[in-house]
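Going line by line, the protein sequences match chains Y and F.
If you're matching positions, the first sequence starts at 1 in this note's numbering and goes up one per residue.
If you're matching positions, the second sequence starts at 1 in this note's numbering and goes up one per residue.
Calculated from the structure, these hints are not laboratory results.
Where is the CB? At the ideal position from N, CA and C, for every residue including glycine.
Don't take every hint at face value.
[Stated by the list, open to error] Partial chain F-side listing against chain Y, Cβ under 8 angstroms, derived:
(1) Ala32
(2) Arg33
(3) Trp117
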Amino acid sequence: MRDLTRRFGNLVVLDHVTFSVAAGQIAVVAGPNGSGKTTLLRCVVGADRPDEGEVLIDGRRSDETSPAQRAGVAAALDDIDFFPDLSVIEHLELMAYAHGAEAGRVAEVVAELGLDRVRDQLPATLSSGQRRRLALASCLVRPRRLLILDEPEQRLDDAGRQWLADRLLREKASGTAVVMASHNAELTAAVADEVINLDA
Amino acid sequence: MPDVDGVTGHAAAVGSSGIPAARALRRWVRRARRAHHSGSLGDVLSDAYTILLLVALYGWGGVTGIRRYLKSPESQTAQPEVRYWIAVAAALATAGLVWYGLRTLGPLLVTPAGQAWLFSAPVDRRALLAPRFAALVGGTGAGGGLLGLGAAAAVGPDQAATLVWSAVAGAVGGAGGAGLAVLAQAAGREPRWSRLLGRGLIVAAAAIALVVVTAGVCPPSQGWCRGIALPEPLGPLTAGPALAAGLAAVAVTVLAGRALGRVDRAALTAGVDLAHAATAAAFLLDPSMLTAQVESRRWRAVGRVRSGSLGADRPARYAGVARRFLMLVRAELRRRGRDRAGLALAAALLLVMYAIAVALPEIEGSAHIVLTYLVANRLASGLRAIARSPGLRRALGGRDAVLHAAHLVVPALGAVGWYAAALPVVRPWGWLDAVLLLGLVVAVLRTATRRPIQHGGPVADTPFGMIPVDLIRQVTQGPDLVAGLVVLELVLG
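One chain only, chain F, in its complex shape (with noise of 0.2 angstroms):
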């Protein structure tokens, strides 16, 4: 246990109040916490060589994969401009995606233990965060840049100047944007900038994908959206816009460095919670405990609906079993109805589905079954807590079945709808898409009535590592059988 006296005896690290320098602090907690662990600096270079190793090997298996493809003859259906043009949409959608997980997360943290005991202290708040935003910029901008040279890797030309410069827009973009996603953090309540520039990267994007879809679906050459032409793809990234965008960022995080201090308990700890699940979501692989906190943050900023009769005081048409059956359907009906972000998600992906029908149409069979499961399964949120909770199945009683049963009935409509819209773009409707849309449905109910994830049990050595089979066999109840039905899609559509 270190000794107080013998840290605070640091006289250049304490002033004249007694207050200790924040890093004076960190040594103290750093000291006394690292006095019970048995881990050594190996085992944590252990790690991080195991993390690189995969990034580097899954990296390096996407940028090959891609641009294999790319080469290959049945990737040329699709007119080179409208693939640029999709791209950009497509990285201005990540953009803005990313953005919003960062202003969500914080991105600045501090654990509640931190909050409670370390950042409740008059300590220099700038100097107390500066590691981790140190950290932050760091990280995110050696994964911007790594990604700036994995895509210039993936689709070429291969000349070192782009390489480089397309890892320098990569890393500038990425601490560029934790830069700016701080400085929002630190001006307390959301700034209106903050919320115009993930706004307009996601309108950006759709607006993009837009066009070029109405280009793709009807060419310039005949029908009421003659004339539009998509505009000559840009050419590749050149030392002057990369260097100028190299300056701003380092402006941003300068300016992000300053505000630091102003960064308040509230804004730190806003993520926490999320950040939390997400982390355990990953090492357990069950995305179940992020979608519930997500959730459950949707509802809560939902705050107060207006509740209504569910129409158990209106004269019964039906008796018994089908009346409960229409009670809770109709209970769902009304969830889903509240649920607007579901219903922005459904839109999005269909403007997905005719972008990659445009874009690459040698994958849109695949693409429609894939996304109609994700549509279906995000209206699946009422049978996944009836599946999972023996307290909400007593309260409701009645035969499980029934109740999977009545909170199948939406996602199943919403599959059938979601389905239909996109077909279009796919093919005309045949025998083939009602046998694929009773398997989506019957993929969206093993999805939501899996079992909770038992992690004791055998282990299978995997490319990940040592995996319980258990939790394998859980994580893909459902997606098994989604790719079962690509798989046929392929060799009969």
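Isolated chain Y (complex conformation) (with noise of 0.2 angstroms):
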């Protein structure tokens, strides 16, 4: 990421942010509430646009439009929605289908995030952390090379949180580059390669 900036009328949210990250890296943005860490994953995703600066991926400059881009970019950000009449289980392998990945791999996902008692209800019906789960799944099912998580150990219990730190730096051992934001000490210190502090 070199220079980024992004603004909302005449307030700059992020001034000339420069960071990267390696393969098999995790980097943890940090920051007070309001200090840009989700518009920062939003302009990595290609979901929101930088005013300067640019996002480069293996050296490239950042197309969403790109297949190839999609391909190897998984993310969980806050605002992700469901559709309201598709269960957890078909999610999952929608997303898996999407992405040409084996259909096994969803069974997998879902034991490891503990879905399985969930796996034929609606979204409707999970609650924040189940759906925070569904979430995390949907970056899992799929082949990544880069990982972006929105405060991924939000809504998650103790359990849950041990799992996450685990899964990252598993996720780290089998090369993947991860950016995430954490407001979580403890995760942050387990996992991170490097602490990119925004300040607000």
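With the hints in hand, could you dock these two chains into one complex?
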């Protein structure tokens, strides 16, 4: 990320932010509320456009319309939504199918995230923690080289947070680059190779 | 539930990388979602029939109403060229607003669920968006064609060729406009030509209206505007221009279709919240859902403002309730001062009022009342916020009546100022105007302080279907008084 700047009107939310993440590394974006963490992640994913600067992936300017880029970037941002009429398992099968992943991967991820009991439930019946797990699962059922997570520890219980830390370390070991925003100092200390502080 | 393997079994639809074709992915989703729905094709056709019937019924009613009016003796007070050019200005302004609407919404939209679960996949985006694009171009083309046909039928002459070419021109304008908007959407950041097009249409409309108003208010035979004469109206639309526009629209649509693969996620989701709010507002007949969203966007675009003291630290000239009242009014004035679009709207409506006075003098009195209400209502957003938020009222403290009164000062002053500015083209100031103004302020108060709509309770059978009685009562609270004032003005004005 090079000199990234994002403004809303005359309010500068991100001011020339520069950092890089290598494969197999985890960068944690930290900062108080309103410091621009989510906006930064949205710019990386392509859900928002920076006013200045650029996001480079593999040395090339990020282009969200490129299928190759979408194939490599998995993201669970705070604004993820669900089809009201598709069950948990259908959502994950859809994601796996759309990314050309093995269907068997879905069952593994469902078991890993403890979503077995709710596999046939519709999103409206899920708790916020279960929705969060489904969002995280959506990133894990598909191939990825870059994982973007916005405060993934939010709404997870203690066991969930422990699982998350283990999972992130496994992602790192498998060569996936991770950029995540977090307020959790413990999680940050456990997984981060680099901490990017955004001051409000 | 569809079987993933079953769908991926379509060998032709899945590439060697295992990524499905857009058509196969859409089919997967359609089949999965349909499995949980009990609705049938008959239900869909029935809904479509109802909508078409309503459009035909009210469209035909509108066309015959305008025809009857144009042939009536009371419509002959304005010169034909004045009417014609005001209609041209209105058409340009409408086109400009439609353009802004299309660009604000997208015009291509993907729901948050769609973008998270479908459009994040490495599937060919152009192919995935193609059905939406076809529906958009087809819908806007059909809508434009109907509008063109309706306009030609309303103003005549009754010649088949004129009707046909007007319908073609409308369809071409609708489809071509949608294609242009998609081209702008695919460009990423708003391209310069898109901004110029939107502004150009509005500015051209305002310029034409201004010239017509000047010529109408001050006839060419006298006064400082001697010599301003309006050009003769152009003849009815013929095949040549309509076909040329058609070719241009086809070219634009083809280019837009090719650009679909460049429409990124940010562009596809930018207008979703607004579209949801507009849909909910239309279905629930509650415009506050849309206005809240529009207001939120407006202030988000401003971002940061220069904060200043509201005078709490200055020596108090007044004490108690009066001091608090003044502070609230000052805060409200500060907020309104930051709403430049509101001031621009008031100025634009003033031009509209003067245009009505020269083109449709027989309805100028009614228009004066309705437009004053719209201007004052726009200034009442503070009052609406206070009335709808018990939390805000608790936080500010004091009696609700004082809070309401303090937040009514600015809309009331705005109503008086705008009413007075438009009055010279209606009639000299008289006692009736004081009554009307008082009624308008009360109407704004009634509108802004109406309770949230309750969708339960008894329902009434209306020409628009079954509608909850409370909803009718809430929607008409405020406009009902305006309607009464219009009748009063017609009788006594």
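Are Trp117 of chain F and chain Y close enough, Cβ to Cβ, to be under 8 angstroms, as the hint says?
holds (6 angstroms)
Hint Arg33 of chain F vs chain Y: min CB-CB distance below 8 angstroms?
Holds: closest Cβ of chain Y sits about 5 angstroms from Arg33 of chain F, inside 8 angstroms.
Restraint outcome when Ala32 of chain F is required to lie within 8 angstroms of chain Y by C-beta distance
Hint on Ala32 of chain F: holds, closest Cβ of chain Y at ~5 angstroms, below 8 angstroms.
Of the hints listed earlier, there is not a single one the structure fails to meet.
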